[in-house]
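When the letters of the sequence shown are read in order and numbered with full-length UniProt numbering, they come out as residues 1 to 248.
Treat the hints with care, since some could be wrong.
What the hints assert, rightly or not - Ranges of calculated distance between the beta carbons of each label pair, as one might list FRET restraints:
#, residue 1, residue 2, range
1, L85, Y209, 43 to 49 Å
2, R142, E56, 24 to 30 Å
3, E119, R186, 45 to 51 Å
4, G225, E184, 37 to 43 Å
5, L85, A59, 38 to 44 Å
6, E89, A123, 32 to 38 Å
7, Y209, A122, 41 to 47 Å
8, A123, E226, 33 to 39 Å
9, R142, Y209, 19 to 25 Å
Keep in mind that the hints were calculated from the coordinates and are not lab data. All C-beta atoms in this analysis are idealised placements derived from N, C-alpha and C, irrespective of residue type, glycine included.
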Amino acid sequence: MRMITFSILRHFKYNLAYKISRRLKSDTVEVKSDHLKTTGSSPDPDYIEVLPSWPEGEANMRIKATSSMRIYPNFVSEEEEASLLAEVEPQLKRLRYEYDHWDNAIEGYRETERDSWNEQNAAVLKRVRDMAFQPYAQLLPRAHILDLAAAGYIRPHIDAIRFCGNTIAGLCLLSSAVMRLVHESRPELQLDALLERRCLYVMRDVSRYEFTHAVLGGEHSVWRGEKLPRRRRIAVICRECPLPEHRE
1 MRMITFSILR HFKYNLAYKI SRRLKSDTVE VKSDHLKTTG SSPDPDYIEV LPSWPEGEAN
61 MRIKATSSMR IYPNFVSEEE EASLLAEVEP QLKRLRYEYD HWDNAIEGYR ETERDSWNEQ
121 NAAVLKRVRD MAFQPYAQLL PRAHILDLAA AGYIRPHIDA IRFCGNTIAG LCLLSSAVMR
181 LVHESRPELQ LDALLERRCL YVMRDVSRYE FTHAVLGGEH SVWRGEKLPR RRRIAVICRE
241 CPLPEHRE
């Protein structure tokens, strides 16, 4: 039986959205949640784009969705990225890319987890925790490391609440990617998030539980009408523990 930490995967038109995002950015309000800190490196709403299918009258849900999916560009430096990769590569090299995920959610991936890091990398992971999670949040002890091949992709899914809690935070290494979020019951409500190389992305609340999310691959990897070449991508993901009532 696979470790439960590997089982989390399951299942603005532009004018109004742009004004809302710019308002959020200029005011540095950041729709201040209980989790996300308003430090100097404000998440840039230009990294999230609501797609044309989204109806103009759905401003409330738009704000909820875009404020619960946050992107912090250049969260790690090139040196920090190299240090993280140097520590996880030996583990990953012992694994083969898989094409038969247990619930058909991922194509072309390998994964592992890690609970101990060298001093430099431990400081980076602490920075992730300090940015993304409440001070009293209980995190799963191991970081999930997901290695997606250049031709790999993640199909639309919603994370299972029994395996991790409300907030997840991931470092995007080696390659940029586009994540697409689609409302589970209203598929016209769609948005794309640009996960640039070395960014931190944070998902919580509405974006986690009301929208499916997918990492686009191949011909579908497009950002604002332009092809975004996908290379091999590694995500280092930190997650909250599931609530006791949601655990199996």
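The hints, checked one at a time:
Checked against the hint of 43 to 49 Å, the pair L85 and Y209 fails, with Cβ atoms roughly 31 Å apart. A hinted range of 24 to 30 Å for the beta carbons of R142 and E56 is inconsistent with their spacing of about 44 Å. In this structure, E119 and R186 meet the distance hint of 45 to 51 Å, their C-beta atoms being roughly 47 Å apart. As the Cβ distance of G225 to E184 is approximately 26 Å, the hint placing it in 37 to 43 Å is violated.
A beta carbon spacing of about 41 Å between L85 and A59 agrees with the range 38 to 44 Å that was offered as a hint. Remark: the range hint 32 to 38 Å for E89 to A123 is contradicted by a beta-carbon distance near 19 Å. Restraint check, Y209 to A122: a C-beta distance of roughly 30 Å breaks the suggested window 41 to 47 Å. For A123 paired with E226, a C-beta distance near 35 Å keeps the hint of 33 to 39 Å intact.
In this structure the supplied range 19 to 25 Å holds for R142 paired with Y209, their Cβ-Cβ distance being about 23 Å.
Checked against the numbered hints above, the structure breaks hints 1, 2, 4, 6 and 7 and satisfies the rest.
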